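Using the hints, build the complex out of the two chains.
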Amino acid sequence: GENVEQHPSTLSVQEGDSAVIKCTYSDSASNYFPWYKQELGKGPQLIIDIRSNVGEKKDQRIAVTLNKTAKHFSLHITETQPEDSAVYFCAASTGGGFKTIFGAGTRLFVKA
Amino acid sequence: NAGVMQNPRHLVRRRGQEARLRCSPMKGHSHVYWYRQLPEEGLKFMVYLQKENIIDESGMPKERFSAEFPKEGPSILRIQQVVRGDSAAYFCASSLSGTDQPQHFGDGTRLSIL
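Chains as they are written, first to last, in the numbering used here: chain D, 1 to 112; chain G, 113 to 226.
In isolation and in its complexed conformation, chain G is listed as follows (with noise of 0.2 Å):
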């Protein structure tokens, strides 16, 4: 059964231009969590979805971020008009249920922008 998987692991952009990151959950598993990590930093979560709604996007900025987990295919964060403080590793979680289930990581997307 495969785990989480992000991709692309590694992206590059330059100031202004769009990021894309996406996450596939665990198979049957229909929440998903996007966390952002500074280095040397703890988890700072962005938003929470179950499929095609936003739960909570609490920890998200209101300009320049969106995320969305339609029906079908992959869960996308999207990033406009990125700037140097948006480098930084996303990881995307995924569980069975809610948020008292374990939630299953994937190995993130490092962004950095030039």
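Bound-form chain D, shown alone (with noise of 0.2 Å):
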């Protein structure tokens, strides 16, 4: 079946460094990459996302790139600061009436 996977886990950065979390995806009819930051307590929040079309998006200090050959997609943070600490989700979706299939999850701590 359909199966994304999330790396790393767990992440620890110092404060300003970069943070990079790497997903690969099963299914190559995928062509909605969304990515969702998840605060304690809180539901996941929609960051970025990118479309099969596309190979890079940018948004201040967030990226997120795609290889739609190798099929993986990445979500690139710089210049990290404490208040990015979070879970950070990666996730695949083909449209139509099929589900969005979730990433396993990243924590992300970020040591001031």
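Heads up, none of these hints are tricks.
Okay, derived cross-link-like pairs now, DSS-like style, lysine-lysine, Cα gap no bigger than 30 Å in a straight line:
(1) D/Lys-42 x G/Lys-183
(2) D/Lys-71 x D/Lys-22
(3) G/Lys-156 x D/Lys-22
(4) D/Lys-57 x G/Lys-156
(5) D/Lys-58 x D/Lys-42
(6) G/Lys-156 x D/Lys-42
(7) D/Lys-71 x G/Lys-156
(8) G/Lys-139 x D/Lys-37
None of these hints come from the bench; they were simulated from the model.
Given the structure is predicted, the values throughout are model-derived calculations rather than measurements.
Here's what the structure looks like:
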């Protein structure tokens, strides 16, 4: 069945450093790839997304890259800040009536 | 524009009782999704509904669990005869159209079974 693998499960960085989270997907028909940030006690919040006709997208300190051939996509956070500490989830979707598949999550710690 | 509203935020039930979780999607959204999350784990898909229709319920146990999204009113996730293993956070999300659109999540209902 469809699967999304996410690595690493835990990531610890110093404030100001960059953080990279990687995901691979199995369904080659996937065409929409959102990233969510979940803080303690809250629901996941969309932070950035990318569609299959685009290779890279950037929004201030956050960027996402997509390699359709290799079926993997990555989240890049530059100049990390303590408030970036949270759990991040990647996801992949084919649209239509098919469900969105989420990765298992990455717990990011940004040390001040 | 109000976001996705879930209630109650916390629900305590004894084994054998029924749990009813409510979700009001964002205004204009006709697609609703329910997910379950255990502590320190990811989001597990349960069911995908579009007004009055169940699109995909492949992630929802066939017994004791049901979901609906009526023409009027919130979406309801119902768990009958709850057991300890049902304890989890249940999140609802909504989108404007299908799954290739951003999903907006509520802050969840934390269900505890005594």
